[in-house]
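Peer 1: Sequence:
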Amino acid sequence: MYVDAHRKGARQYAEVHTSSNFGEESPHRLIQMLMEGFLARINSAKGAITHGDMEAKSIYISKAIGIVGGLNEVLDIEQGGEIAVNLRQLYDYINFRLLQASSENSEDILNEVTVLMKDVKEAWDAIA
1 MYVDAHRKGA RQYAEVHTSS NFGEESPHRL IQMLMEGFLA RINSAKGAIT HGDMEAKSIY
61 ISKAIGIVGG LNEVLDIEQG GEIAVNLRQL YDYINFRLLQ ASSENSEDIL NEVTVLMKDV
121 KEAWDAIA
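Following the UniProt record's numbering, the numbering of the sequence shown begins with 1 at its first residue and continues without gaps.
In case anyone wonders, no lab produced these hints; they're calculated from the structure. Fair warning: there could be bad hints in the mix.
Unchecked claim - Between beta-carbon pairs, the in silico distance windows are:
| no. | residue 1 | residue 2 | range |
| --- | --- | --- | --- |
| 1 | D53 | H28 | 14 to 22 Å |
| 2 | G81 | D53 | 17 to 25 Å |
| 3 | H51 | E112 | 16 to 24 Å |
| 4 | E55 | V85 | 32 to 40 Å |
Glycine residues also receive a C-beta, built at the ideal position from the N, C-alpha and C atoms.
Go ahead and model the full structure; you've got the sequences and the hints to work with.
Peer 2: Here it is as C-alpha cells:
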C-alpha cells in the first residue's frame with residue numbers, strides 16, 4: 001500500500017509539474033497546493049473516522065500519503081542540503097505516522113501530522 005501510494009503521489013506531482021510548464025501556477029504555488037491538499041485530505045480522514053466510515057478514511061489517508069510522496073520526490077538534496085535532508089526525514093516520518101493512524105483509526109495521530117505539515121507550510125508560505 002505504501003509503495004503504491006508513494007508512486008501514485010510521485011506520478012500525480014509529475015503530472016502537475018509537467019502541466020505547470022504550460023499553466024500559470026509557479027512551482028512554489030504548486031507545492032503550496034500540494035500541502036493544502038494534504039491538509040484537506042487529513043481533515044476529511046478525521047471526519048470519516050468520526051462518522052465511522054473506514055473506507056473513506058483509508059482513501060483519504062492513501063491520498064495524503066501520495067501527496068507526501070510527491071513532496072518527498074521533488075526534494076533536491078544536492079541544492080537543498082541539510083534542509084532537504086531534514087524535510088525528507090520529516091516526510092518519511094509523516095508517512096509512517098499516517099500508516100499508523102490508518103491502522104489504529106487515530107485522530108490524535110492525524111492531528112500530529114497536521115501540525116507538522118502546517119509548520120512546513122507556514123515556512124514555505126513565508127518564502128513567497
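Peer 1: Please check whether E55 and V85 have a Cβ separation lying inside 32 to 40 Å.
Peer 2: holds (36 Å)
Peer 1: With 17 to 25 Å as the target window, see if G81 and D53 comply at their CB atoms.
Peer 2: Since G81 and D53 have Cβ atoms about 42 Å apart, the given range 17 to 25 Å is violated.
Peer 1: Given a hinted range of 14 to 22 Å, is it respected by the beta-carbon distance of D53 and H28?
Peer 2: violated (35 Å)
Peer 1: Determine whether the Cβ-Cβ distance between H51 and E112 falls within the hinted range of 16 to 24 Å.
Peer 2: Given range 16 to 24 Å: holds, Cβ gap about 21 Å.
Of the numbered hints listed earlier, those contradicted by the structure are 1 and 2.
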